[in-house]
Structure formats: structure tokens, C-alpha cells
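Just so you know, the sequences run in chain order G and B. Using numbering that gives the first Met the number 0, read the first sequence as starting at 0 and increasing by one per residue. Using numbering that gives the first Met the number 0, read the second sequence as starting at 0 and increasing by one per residue.
In short, the hints are calculated from the structure, not lab data. The model shown is predicted, which means the values in this text are computed figures rather than measured ones.
Straight-line distance between alpha carbons at most 30 Å, and here's what the computed DSBU-like set of lysine-lysine pairs gives:
1) B:Lys88 to B:Lys63
2) G:Lys202 to B:Lys97
3) B:Lys169 to G:Lys9
Sample of chain G residues facing chain B (criterion: CB under 8 Å; computed from the structure):
4) Asp91
5) Ser92
6) Gln101
7) Pro112
8) Pro114
9) Ile135
10) Glu138
With the Cβ distance kept under 10 Å, some of the chain G side facing chain B (calculated, not the full set):
11) Pro122
12) Gly127
13) Ile129
14) Ile143
15) Thr162
Built from N, CA and C at the ideal position, the CB exists for glycine as well.
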Amino acid sequence: MINNSLKISKYCHISSDRVLVNGKPFIENINGLDNKSFLKHIYKSIEIAYSKFFKMDEISKLGFLAVEILLKDINLSVYNSEDVSIVLSNSDSTIDTDYNHQNTINDYENFFPSPSIFVYTLPNIMIGEISIRNGIKGENSFFIVEKFNAEIVVDHINSLFLTGKAEVGIGGWVNFHQEKYEAFIYLASKNGNINHSASEVNKLFNLIT
Amino acid sequence: MVFFVADNIVSSLGMSTKQNFKSLLNGNTGISVVENNDIYNEPFQASMINDNVLEEHYNLISKKYPYSNIKHTRLEKMLIVSVDEALSKTNIDITSHKTGIILSTTKGNINLLEPDKRNSFATNRVSLWKLGEVIKKFFGNPNMTIVISNACISGVLAINKAAMMIQSEKYDNVVVTGADLVSRFVVSGFMSFMSLSSDPCRPFDKERNGLSLGEAASTIILSSDPNGNSIRYRGGGSANDANHISGPSRTGEGSFIAINKALIEAGITSSDIDHISSHGTATPYNDEMESVAIDRHNLNKVPVNSIKGYLGHTLGAAGLVETSILLEEMRMNTLIKSAGFENLGVSKDISVITQTQETEITTCLKMASGFGGSNASLIISKVGNDK
Numbered sequence: 000m001i002n003n004s005l006k007i008s009k010y011c012h013i014s015s016d017r018v019l020v021n022g023k024p025f026i027e028n029i030n031g032l033d034n035k036s037f038l039k040h041i042y043k044s045i046e047i048a049y050s051k052f053f054k055m056d057e058i059s060k061l062g063f064l065a066v067e068i069l070l071k072d073i074n075l076s077v078y079n080s081e082d083v084s085i086v087l088s089n090s091d092s093t094i095d096t097d098y099n100h101q102n103t104i105n106d107y108e109n110f111f112p113s114p115s116i117f118v119y120t121l122p123n124i125m126i127g128e129i130s131i132r133n134g135i136k137g138e139n140s141f142f143i144v145e146k147f148n149a150e151i152v153v154d155h156i157n158s159l160f161l162t163g164k165a166e167v168g169i170g171g172w173v174n175f176h177q178e179k180y181e182a183f184i185y186l187a188s189k190n191g192n193i194n195h196s197a198s199e200v201n202k203l204f205n206l207i208t
Numbered sequence: 000m001v002f003f004v005a006d007n008i009v010s011s012l013g014m015s016t017k018q019n020f021k022s023l024l025n026g027n028t029g030i031s032v033v034e035n036n037d038i039y040n041e042p043f044q045a046s047m048i049n050d051n052v053l054e055e056h057y058n059l060i061s062k063k064y065p066y067s068n069i070k071h072t073r074l075e076k077m078l079i080v081s082v083d084e085a086l087s088k089t090n091i092d093i094t095s096h097k098t099g100i101i102l103s104t105t106k107g108n109i110n111l112l113e114p115d116k117r118n119s120f121a122t123n124r125v126s127l128w129k130l131g132e133v134i135k136k137f138f139g140n141p142n143m144t145i146v147i148s149n150a151c152i153s154g155v156l157a158i159n160k161a162a163m164m165i166q167s168e169k170y171d172n173v174v175v176t177g178a179d180l181v182s183r184f185v186v187s188g189f190m191s192f193m194s195l196s197s198d199p200c201r202p203f204d205k206e207r208n209g210l211s212l213g214e215a216a217s218t219i220i221l222s223s224d225p226n227g228n229s230i231r232y233r234g235g236g237s238a239n240d241a242n243h244i245s246g247p248s249r250t251g252e253g254s255f256i257a258i259n260k261a262l263i264e265a266g267i268t269s270s271d272i273d274h275i276s277s278h279g280t281a282t283p284y285n286d287e288m289e290s291v292a293i294d295r296h297n298l299n300k301v302p303v304n305s306i307k308g309y310l311g312h313t314l315g316a317a318g319l320v321e322t323s324i325l326l327e328e329m330r331m332n333t334l335i336k337s338a339g340f341e342n343l344g345v346s347k348d349i350s351v352i353t354q355t356q357e358t359e360i361t362t363c364l365k366m367a368s369g370f371g372g373s374n375a376s377l378i379i380s381k382v383g384n385d386k
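Generate coordinates for the entire structure from the input sequences, incorporating the hints supplied.
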């Protein structure tokens, strides 16, 4: 029988105090940096130079960095750029950036809405940023769920794979609200040792908590 | 197979697809000057739902469903009225675990962030998952509502997702509903982009100078059982331009790929398409990009329209509103002219519809594009005309 199911070969977590790669410590927030500073610290630690990073809102930075770390040493160019899908989810959409935009329009005496904030009030902008950085042109989808729900992401990527719309899936969860943030991103392809099932993905998600 | 069994549009032009379609046949636009200081401190062009009409419909419906009796927001009322009207045309049991609900929205109850509204509902009411929960509870649906928030392609993505859910046989029926408000949040944002038109928007026209916003809720019900209907889902796809977060690709790359994916899944070629419902926002860049994608697929001679000249850009509802109109065009074998269009103002030679006309329509393409470089498309056809 031909093995035609997806596997997980790599995954990455980012929380306020550490970054894990395949469940193992990669970067620790040993100096107790605040959220913004820790993201900047991660950016420096992984030694990339990408000026667009500094224009992003915090949640896009978080998702962007998680994917940077995930794709380090992975050669996606063996795939057609149209066959790489990105399927993300979260609970709070872009609520912090929504408040930032709202604060610019509360009263007409002090009215200064900015396109550079407004554009980030859509959760899929993060997918756009990741796609631009990595030249990924495949399927896009952003789901909003109360709590992480592996089934939603796994089912969607598996369906895309089974219908020939994607060969690879970058899936996960990127949430940022007030002082708490969490990112969990994984790579699903034909290679890897972990089955791409909701139960396995749930186990991986819970490694950081 | 996946069939389109019912649809609805709640907008300035009516509370059903039929009512909306009638206005389109008569060439009426729902876009007019809005003077509402709560939304914006200067007059702007938009298509707005009449409050009294909405309340009237909502009050009639709210007693029909005994499952939850909480207070609803304006947006929730729009969604409830839309889902109920679509459901009423089917025998589908919304309380069945084999009936799924998908919600498509960009900003949901975003007006609850306004300082004077913050205390009117619990804080989490602004969350999109909560909106999904409110809707499913109202209708007594046992499943978790799947919420898609992917900018202006949300509606088309949601229909594609519904088809996937039915094909996987986990669901027999999926109710796809979507809505967005014309809120201060959104109007101020688009104003800051300077992308709002000073007159009702004019998709693909030489004189176009931006989009008009519109308020709508829309619902499309898909099912594995045709329920006596004859239009079915053939394929869909999405793709990213990987180019820019707030402007489309000049080469129409993502749109081209999304159409290609839909064609492959449908098992047809572009020569089988006989009508296109474009995204057609009337911003200079969007319409130009779509003309390039249409040209790259050799669809230059295929009649194309944009519904946005009638109902404005309804954001998370747009894909549903425009697919509902497309379904009615197919049922009535009538091509609706693209409102606001006079002279071709894009670089590629495409066939924008200038006269509403009767003609046999069998296989159609719906296009959508949005912020984040996102693009999506889907193909539908009449059963018996399967190419």
C-alpha cells in the first residue's frame, strides 16, 4: 500500500519565556524581557536581516518568527511554491492591533487613523508576511476558534493534500492578547516520524504548557 | 456531489436574493451618501441596511427559535435574518449534528470596541469565535461553528471549505453565512488608505477612483442532496501573491493560480467558462490585476461583471453575496450588467457586461482577492451541463 498520508517533521513553539524546536529548548527568555523585547531578542538570535520585520504588528512578528525558526534548514524549494499551504488559527484574531486602530479614531479632535496599523487588523496578514518572506503561493486559510483545536487545522490540511491542492502544510496557532502570547507552528509533508493526526498535533501543542 | 440548495442576501436592496436581484435587474444601486457622524465625520458613499426593516424581520424570527433568548447585536441580527430566510427554503434540519455552520467575517462585532458601546455586551462578544457560538446557539445547532477570517476572500474560502466538509462525508449540509458592518473602524481605515470612492464605485471603468463599502449578511446552503436544485459546486482554490500585504500583484499571480486550482478540481478548461463574477472593487490596482489574471487564462471574451457597483464591498460577506447573485443569474439565465461601468479602464481587453441580458449560463467562475495578498476562486455549473 502506498503511504499517502502526511507526517510532521518539525515543529516550533514560542511563548513569553522560551522558544522550543521539536520540543527542545532553543532560546530562553533568561532576562525576563517583556513581550516586544523578547521578540526582538529572538529576531537577533536567529541572525536574519529582514527590514520588513520591524514594520509588522506584534502578532505578525510572532507568527513570522515561528515560521522562520521552523523553516531554518528546510529546503522548501523542492516543492512548487503553489503547493505549499498555510493554515493558521487563533482565538483573539488581531484584537491588540484592533485596539491600536480604535484608539486613533475614538474622537474627531484627535483623529489619526493610519493605513500601516489598519492593514494589520486582519489575521491573515501574517500569512501574507510569511508568504512574501518565503515565496509561498499556496492555499491560505485563517480560522478563529475559542481554544486551540487541532482537528480544524489538521482536517483542512489533510483535505488540501487529498484533493491535490497542496503537498505541504504549514499549520498551527498564533495568538497574541495583552500580556500573553503563544505560537505553535508545524510542518506537514510526506516526510517525518509523527502522524499528522489531530491527537498527535494536540500532544505537540501541549508540550509548552 | 455538492449542490447549492438555498441562498439569501440581506442588504440595502432587500432581505432575500430575489429582492436584491430584482433591484439589479432594474439597474438600481444600494449605494448612496451616508451622513452619520457616529461612523464618520464627513459624508461618504456606502450601501447600508435599513435599521427598521432589519428590526422588523428580526423580531418576527426571534420567536421562531426557542434555543436562546439573549440580546443580539446589529450584526448578529443581520446573520440571524439571513440564515433563517435561506433555511426556510429547505427541509434541512439545522439542529442535526450532520449540519455544519461556517461563519465568514473580517471584523464581526467590531463596533463593540467603540467607547460608548463597550459596556453594552460582555467583552468577549467582540471575539469572532463568540459570534460563531451566538449564531449556532440561536439556531440550536450542536456543532462548533467554523469561523473563517481571511480578509475579503473569506466568503469564497468559506464556500470552498463547506464543499470540502461535505465531500469528506462528515456533514450532509453546511450553512455558510457571512456578514460585516460598515463601522467607524472600517470606514476610518479605508479612508486612511484613501481607497474610498467619492461617488458610487465604478468597477473596471476608466474613471474609477476607489471602492464603496457595503453592509450585508448573506447565506449559502450547500448539501450532498440536491433538494430539487440543479446547480452544483465544481471546484475551488486559493493562493497567495507572495508580493505585498496591501496591494495586489501586478501579474495577477495569486488570482491566476487560484483560478487554475479551481479549473483543475472542476476538471474543465477556461474555455468551458461562460460567465465570470469578478471581485471588482473599483480600486485602480485590484481591477487592473484581475484583468491580467483573466487575460492570462484567455477569458477575455467571457462576460464579466462586478456586483460591487450595486451593493458596495461587503467584506466578509462579499463572496457569499456575489455568489448568491451569480446563482440567481444562472437560474434566471440572465447576465447582470456591471454597474458604474462605461469605458474600459484596465490594460487587458476583457468583456465587461454593459447591458443586462438573457442568455444561457451553464458554468461560472467566481473570483476574490484581498489584503494579505490573498486570492480565492470557485467554479459552479448546472447539472446536465457538466463539461
